[in-house]
Amino acid sequence: GAVVSQHPSWVICKSGTSVKIECRSLDFQATTMFWYRQFPKQSLMLMATSNEGSKATYEQGVEKDKFLINHASLTLSTLTVTSAHPEDSSFYICSARAHRPSGGTYEQYFGPGTRLTVT
Amino acid sequence: GQQVMQIPQYQHVQEGEDFTTYCNSSTTLSNIQWYKQRPGGHPVFLIQLVKSGEVKKQKRLTFQFGEAKKNSSLHITATQTTDVGTYFCAGMREGTGSGTYKYIFGTGTRLKVLA
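These protein sequence lines map, in sequence, to chains A and B.
Sequential numbering from 11 applies to the first sequence in the numbering used here.
Sequential numbering from 156 applies to the second sequence in the numbering used here.
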C-alpha cells in the first residue's frame, strides 16, 4: 500500500527558532499534499493544501509567512514553522493524495505525524 | 471555518455493546472517508463512500452515506476492546483552485470500550 513518511517524528526547539518538517510519499507520486495540525484530544485542522510546483493554498486563519510550505517534487513537501513560539507546539500531520484516481476518486494517505514542542 | 460535526463527542460502552457515530456536514460532499486514530497514533484510513445512499460493511463495521451526501454514519456491532480510539469522518470538498479538492475532518468521536 501507499506509504507516507514524516521527518522528524518529534522535535523540541527553543522559542524564536525555525523548524522544518518533511513529508515524503515513498512509493507513489503525490501532486497534492495536505498539512494538518492536531491539538491533544481534538480533531485535525487543515492548515494548507500543497500542490507540486505551485504556491500552497492556506486555510483561513493560517499565517502563510509563519508556516512556509514548499512542494518541490512529486514526492516531497516541507512545512517550516518560522520563529516558533510555545503556542505552536502541536502535532503536525501531512497527507498525500495519490497521483492517479483510484476507482474514480482520490485516496489520501497519512504520515505518522511530527510532535513539535517549543520551549 | 471547518463545518463537519460528529456526535457524540465521547462514548463509553461495555464490551459487546453496539456503537454508532454520526457525521454531519453543512455542505454537500463529493465523498466521505472514515479514519480511526489510536491514542498517540496517526489517522488510519478505514473506508471511502462515494455514492448517495451507499452502504459498505467491513466485518463488524457498517458505513453509510446519506442520500443528500451531507451526512454519514459508522456503526460497530458488538464492540471489542480493540475498537478503542477516536473515529473521524473526513468530507471531501472542492478547493479554491480548479480541479482541486481538500478533506475537512469531523470533530471526532472518542470511543472507550470497557471490558
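Worth flagging that the hints you see were computed from the coordinates, not collected in a lab.
Treat the hints with care, as some may be off.
Said to hold, decoys possible - The calculated BS3-like cross-link candidates involving lysine-lysine, where the alpha carbons are at most 25 angstroms apart (straight line), are:
no., chain 1, residue 1, chain 2, residue 2
1, A, K51, B, K206
2, B, K191, B, K206
3, B, K267, B, K191
4, B, K191, B, K212
5, B, K211, B, K225
6, A, K24, B, K191
Since the model is a prediction, treat every value here as computed from it, not as a measurement.
Here is what the structure says about each hint:
1. A:K51 - B:K206: With a Cα-Cα distance of about 31 angstroms, the restraint between K51 of chain A and K206 of chain B is violated, given a limit of 25 angstroms.
2. B:K191 - B:K206: Satisfied, since the Cα-Cα distance of roughly 21 angstroms is no more than 25 angstroms.
3. B:K267 - B:K191: 13 angstroms, holds
4. B:K191 - B:K212: Within the cut-off at roughly 15 angstroms; holds.
5. B:K211 - B:K225: 17 angstroms, holds
6. A:K24 - B:K191: 33 angstroms, violated
In terms of the numbered hints stated before, the structure departs from hints 1, 6, listed from lowest to highest.
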